[in-house]
Amino acid sequence: MKVVSSSKARLGVVAALAISALITIQIVPASAGGVDFRKAVPGSGKGITIGLIGLDDSIGFGKDVHDSIAREAKKAGAKFVFCDGKLKGDVALACAKTFKLKKVQGYLNFNADAAAAAAICKAGPQVPVIAIDIEQDPCQSAFMGADNANAGASTGKAIGNYFKKNFNCEYDAFISLEDYGVGIANELRMGGYRDGFASVCGAIPAAKLKKYDAGRLDKALEVMPDALTTLPGKNKIIVVAINDQGIQGAFSAAKAVGREKDIWAGSQGAEKTVWCDIKTNDHWLGATAYFPERYGEIGVPYLIDLIKGKKVPFQLKIKHVAINGTNIDKNFKVTGC
Amino acid sequence: MNVDLAHLKDIRKSFNGVEVLHGVDLTLAPGEVLALLGENGAGKSTLVKILAGDIPPTSGSITIADTELARLDVYQARQLGVRMIFQELNDAPTLSVAENIFLGQWPGSKGFVAWGDMREKAREILKRLEVDIDVDAQAGSLRVGERQILEIARALTQNAKVLVLDEPTAALSNTEVERLFIVMDQLKKQGVGMIYITHRLDEVSRVADRVQVLRDGNSVLTVDAKGAQRDVLVTAMLGHEALKNARPAPVSTTGNGLEITNLSSGDDFTDVSMTINAGEVVCLFGKIGSGSSEVLESIYGLRPVTGGSIQILGKKFTPKSPQESSSSGIGYLPADRQRLGSFGSRSVAENLAVASWKAMSRLGFVDAGNEVKAFSRWSDALKISARRGPTQEIATLSGGNQQKVLLGRWFEAKVQVLLLVEPTRGVDVGARRDIYDIIRRQAKESGMAVLVATSDYEEVVLLADRALVMSRGKIVSEFTGNSVEATSLISAAS
Amino acid sequence: MSKTTEVEKDKKRSIPASAPLMVFFVGLFTYFSVASEYFFDIENFRNIAVALAVTGIVCIPGTLLMIAGQVDLSVGSAAAVSGMIMANMVNKHSIAVGLITALVFGLTLGIINGFLVTVIGVNSLITTLGGLATLYGIALLIGNGQTVMMRNFEWLGTAQPWGVPLPVVIFTVLAIMGAISLRKSTYGRSLYAIGSNPNAARVVGIRSNRLLFITFVLSSVGAALAGAVLCSQLSAADPNAARGLELEVITAIVLGGASLAGGRGSMFGTILGLCTIGILNNGLILLDVPTFWQRVAQGLMLIIAVSFDSLRQKLNNQRS
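Protein chains in written order, with numbering that gives the first Met the number 0: chain A, 0 to 336; chain B, 0 to 493; chain C, 0 to 319.
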């Protein structure tokens, strides 16, 4: 029931978090590794109808996931039905009911309201379900998506390697731009950074670790100048943020006070909007890629497998990669910088 | 000077095939004031709208300042110097006087207003009109009459040659009316021709040079204002002779309706005492600001009482709120019908029944049938013409008809005391007569005590059994029966 | 006799307020029935009705308020708080305690809103805008920003006595009560009068403040009830669940012909507005219209439907 868009107020917060897993408390424990992307086999979905309850198409991440699943479903020759969950449990519930009407044979569920999952499972068709990034208990046959701790660790390790090689692991401070509003996901990601970094350069002494609730662009812009003021003359300052926007903000703030060469950064997301920054800024040491534009390469083939009665591992985790100026062209098509 | 400023010749106008103007001529010379009389629906508004280019005539010719046109549009009319001044204000109340005079055409350049220049020019214009208004005052803080003069001043800055004034005095006090007339005298000297639409016959000889009377889309009389007999004008307007003033019959004292003793409210009025018998109509005559309407507001609980007492049917009554008053059998008809009286978007039946819902309902539910019955009962008695019946929105009725509905509201509620403030303001002559008849008849039939606050002496003469005159917050004199007549009222009030 | 027939005839000449929307609704309904094989289906109608019920419950007192010229923007957040309270109470105590506390919360909120608007004299838009923000904060505080699962209380949201979902039954009963109150009761009539001309209402002796107070209470209680139903439907309370509900409510009411300035509107109109939005949302999904286009279509339809109504008023005015 929405003529006038209504959840915009919240989109600001959510969109800033490149990844949806942060919306919920229900995070599947981190597991090592992950599954490889596999392109859908043409014709493998012939005669099959699959559905997707979307996160919210007005969020870039959700839209990327939607598009990639639609693309792979088409490639497989399956009929694809989409219904936008718009971040709301009741909307997703209505979606599940339409899926029942439309007789979908299996669906991917990116419903944001994990607590409403049981009601959605019950109302929807009783078919295989793959949950995306958010648990859809009790009807999920498999769970695909991000691995927060791992994602944090991969860029944390990349920063550690850089500092070991260039500065012999010497650094002035380790600034962590966090977002406490998103619960445990914050812990997993930011903790991942620290663990990854510590695995190379050793544990971070408490005196050097500075945490701020400033993961968003505007908050980072606000907090960073003050943080830099407390570190006069220092030029080996590590800054990590819960997403790309936090680091964008950090660099903008540092530039404003003429200290953009004093900070060394790592972020999460590696979204399209920051590709050029990553490529051209050698102080942006790493950004963990989440590959929403390739979710379909896991979701669609495995869902078809499930529908056809094949066995599929429960955990379908993305293999995260820390992106930097040197490897970015291998992973993405970056143009026009 | 032979050249007319404006000349309308054989103007005909039809709406949806119905002709409302049947070949009307009108001329206006420079420096002349032409009073245009006629009942509502006579065609006055249509005629001046044609002159202003608002609507095209079906046939006929229009000549303004030597330019003959088969039809003209609003823009042309403005170019030729035709300006309209309406009863409703068309100003920006939060802007200053100077800004209002130059509204939309502020002197200055490159989007910046030249304030000094503008204020200087505004002062000059107001001086020319011989009025004393501060150019820096907020327009909204001025009296209605002053704001109207601002509109005239604005017309002058835009080079007005023909000024149409549509009932400008309807909402003005006597002093304000006089001031307007002085302004009009100044305009005459400057050669501006004016068409003056009014319902007040006494104003005609004061301000106009000629009088033209319209009736049912025909021009029925054009005479010099000087020698124009009042009876002749009324007969021309109505199409028949006016009824002679119904001299009030002596009132039989059937007991006290409303009695107030030494009532005061701050500085607005002090020590007002009167007794109104059941069935009697008493007018409280006074200029605006004399305190007459304020007395009624206090009785109804709209204005705090600071001293004195009120008795209704011999029982003490202390006004607290309009709710208390209306449930204690008092009805109140405000002067400002649009703002305080009618529910514009609701039906006539509902507007009429609203004060009687309690009586019409059972367990909190109103029987809509009762509403319709009440309406048909009163629409006959009050001669309300609502073409679409009880469900018609009241806002679509004429002022006179709306007022009748609002009167019917309190008749239906069977109030014992009815308080009326300026009951015929903005109502045309014919309907006015109806309203007076109804009020008098209803008072006698139901034994209501009726108290009317008015600044219109004609109303007092036609309506009152007894008149009390107020000046500066006090009752200054009393007239009964045949002694209620215009000259003594006016001299007592001033 | 002749007089009544004349009146009847004249009545026919003016187009009734709900006619344009009715035409629009029927047109839309027919189109979706033809265009989608899934639309004309009892199961689908049931889905549409359930999706509408929560908003609908809030729309009923909302219509009363808007007719009186007031607006309550706090309903969305109030529903969220109600849901959060109920989920916690149901988990800790019992269903009865949960329901009662949720409704008591609604009552209290209504009293606060009513007090601020009618006694203190704060503009209702401002009062409830403040409420919108405050209550959202409270909803987040209650669950510490998280959703709360609720066990064993699905029946309020999902039971289907005689095949009709319970939320729809609740909505229908309330709608009938609301419609009768508006048309027949002195209370409802007074609301129209207050909205049409608040000053005149006071002068004529209507107890405006008291009636507005009651209506604000009804609005908050309605929001609390809606929150409880939503929470039961999802078996969970999400502080974000009813975000934006206030706009959905206003949209349906205005689409149904009520004026934001007060004095106009009807329960039937509101329900028709609600249903139009409901089948539009449902139909567009069934037709696989991309989300972004859905939003465009929904916005356009709103403009078109309201334009129809303005056109109707123009036509009526020309005829009078």
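It is possible that some hints are incorrect.
Straight-line distance between alpha carbons at most 27 angstroms, and here's what the computed DSS-like set of lysine-lysine pairs gives [stated by the list, open to error]:
| hint | chain 1 | residue 1 | chain 2 | residue 2 |
| --- | --- | --- | --- | --- |
| 1 | A | K233 | A | K78 |
| 2 | A | K235 | A | K73 |
| 3 | B | K372 | C | K91 |
| 4 | A | K62 | A | K163 |
| 5 | A | K309 | A | K329 |
| 6 | A | K218 | A | K307 |
| 7 | A | K99 | A | K78 |
| 8 | A | K121 | C | K91 |
| 9 | C | K313 | B | K48 |
| 10 | C | K183 | B | K357 |
| 11 | A | K309 | A | K73 |
| 12 | A | K307 | A | K332 |
| 13 | A | K233 | A | K209 |
| 14 | B | K413 | C | K91 |
| 15 | A | K233 | A | K210 |
In silico negatives: residues of chain A with every beta carbon more than 12 angstroms from chain C [unchecked claim]:
| hint | residue |
| --- | --- |
| 16 | H65 |
| 17 | F79 |
| 18 | K87 |
| 19 | V181 |
These aren't lab readings, by the way, just hints derived from the structure by calculation.
This structure is a prediction, so every number in the text was calculated from the model and none was measured.
Using N, Cα and C, we set each Cβ at its ideal position, and we do this for glycine too.
For each hint, the structure was consulted:
{"no.": "1", "hint": "A:K233 x A:K78", "result": "58 angstroms, violated"}
{"no.": "2", "hint": "A:K235 x A:K73", "result": "49 angstroms, violated"}
{"no.": "3", "hint": "B:K372 x C:K91", "result": "59 angstroms, violated"}
{"no.": "4", "hint": "A:K62 x A:K163", "result": "38 angstroms, violated"}
{"no.": "5", "hint": "A:K309 x A:K329", "result": "33 angstroms, violated"}
{"no.": "6", "hint": "A:K218 x A:K307", "result": "48 angstroms, violated"}
{"no.": "7", "hint": "A:K99 x A:K78", "result": "15 angstroms, holds"}
{"no.": "8", "hint": "A:K121 x C:K91", "result": "24 angstroms, holds"}
{"no.": "9", "hint": "C:K313 x B:K48", "result": "21 angstroms, holds"}
{"no.": "10", "hint": "C:K183 x B:K357", "result": "12 angstroms, holds"}
{"no.": "11", "hint": "A:K309 x A:K73", "result": "21 angstroms, holds"}
{"no.": "12", "hint": "A:K307 x A:K332", "result": "35 angstroms, violated"}
{"no.": "13", "hint": "A:K233 x A:K209", "result": "15 angstroms, holds"}
{"no.": "14", "hint": "B:K413 x C:K91", "result": "60 angstroms, violated"}
{"no.": "15", "hint": "A:K233 x A:K210", "result": "18 angstroms, holds"}
{"no.": "16", "hint": "H65", "result": "8 angstroms, violated"}
{"no.": "17", "hint": "F79", "result": "9 angstroms, violated"}
{"no.": "18", "hint": "K87", "result": "7 angstroms, violated"}
{"no.": "19", "hint": "V181", "result": "8 angstroms, violated"}
Comparing the model with each earlier hint shows violations of hints 1, 2, 3, 4, 5, 6, 12, 14, 16, 17, 18 and 19; every other hint is respected.
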